[in-house]
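**Student:** Going down the list, the sequences are from chains H and R. Each residue of the first sequence is one higher than the one before, counting from 1 in the working numbering. Each residue of the second sequence is one higher than the one before, counting from 1001 in the working numbering.
Keep in mind the hints are simulated off the structure, nothing from the lab. Take every hint as true, because none was put in to throw you off.
Here are a few chain R residues that face chain H, going by a calculated C-beta distance under 10 Å:
hint : residue
1    : Gln1038
2    : Leu1044
3    : Gly1094
Cβ-to-Cβ under 8 Å is the rule here; a few derived chain H residues that face chain R:
hint : residue
4    : Gly40
5    : Gln41
6    : Leu43
7    : Tyr48
8    : Gln56
9    : Gly58
10   : Leu90
11   : Ser100
12   : Gly106
Glycine residues also receive a C-beta, built at the ideal position from the N, C-alpha and C atoms.
Chain by chain, the residues run as shown.
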Amino acid sequence: DGGITQSPKYLFRKEGQNVTLSCEQNLNHDAMYWYRQDPGQGLRLIYYSQIVNDFQKGDIAEGYSVSREKKESFPLTVTSAQKNPTAFYLCASSTGTSGSNEQFFGPGTRLTVL
Amino acid sequence: AQSVTQPDIHITVSEGASLELRCNYSYGATPYLFWYVQSPGQGLQLLLKYFSGDTLVQGIKGFEAEFKRSQSSFNLRKPSVHWSDAAEYFCAVGNFMDTGRRALTFGSGTRLQVQP
Chain H
1 DGGITQSPKY LFRKEGQNVT LSCEQNLNHD AMYWYRQDPG QGLRLIYYSQ IVNDFQKGDI
61 AEGYSVSREK KESFPLTVTS AQKNPTAFYL CASSTGTSGS NEQFFGPGTR LTVL
Chain R
1001 AQSVTQPDIH ITVSEGASLE LRCNYSYGAT PYLFWYVQSP GQGLQLLLKY FSGDTLVQGI
1061 KGFEAEFKRS QSSFNLRKPS VHWSDAAEYF CAVGNFMDTG RRALTFGSGT RLQVQP
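My request is simple: use the sequences and hints to build the entire structure.
**Tutor:** Okay, here's the thing in structure tokens:
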């Protein structure tokens, strides 16, 4: 079955540590996205990538980094510079970035800072 | 800049009752509009989308939405709610011709609770 997988489902981090969230898709989509979800705030865009080896900052990129070395993979690193990283993180992909392209979402990773 | 407002944070309806979730957008041109649903702890699933043409669009799970340009609205409706419809619903807007943005803008969501 085609889809998007995110791992791990739950992640715990100590303050000052970097952690990497995995996102893989087998939909052959060019574009991939990372969103952060906090209660009452909806989804906020962290980074997006329109094509391999290219990515752009979203609305809340500070404290995060990404890479796009393969079409299928778009990992997100939450660095120690992110002051409030506890949140639910969602990865998505689409065939393009024209605005009319439906985004398909993974099941999410819940990150908790201890 | 484009924006989406969902005025109702939380709505409770009785099972079998009708439902309307409100969504207002801000965008200069004709937007691309989406409604997504999210079950607790899960990702988002597309319910329906509007690009052009008939302003009343049908989606999955018996949902429909109506685009009203004069009111900048794209409200989601369902004639008879089922207990399984309890979830969080997100409205989103796309179309980036003059903004340079290349991702959807989401509203803050409406949490639907269904009473037996």
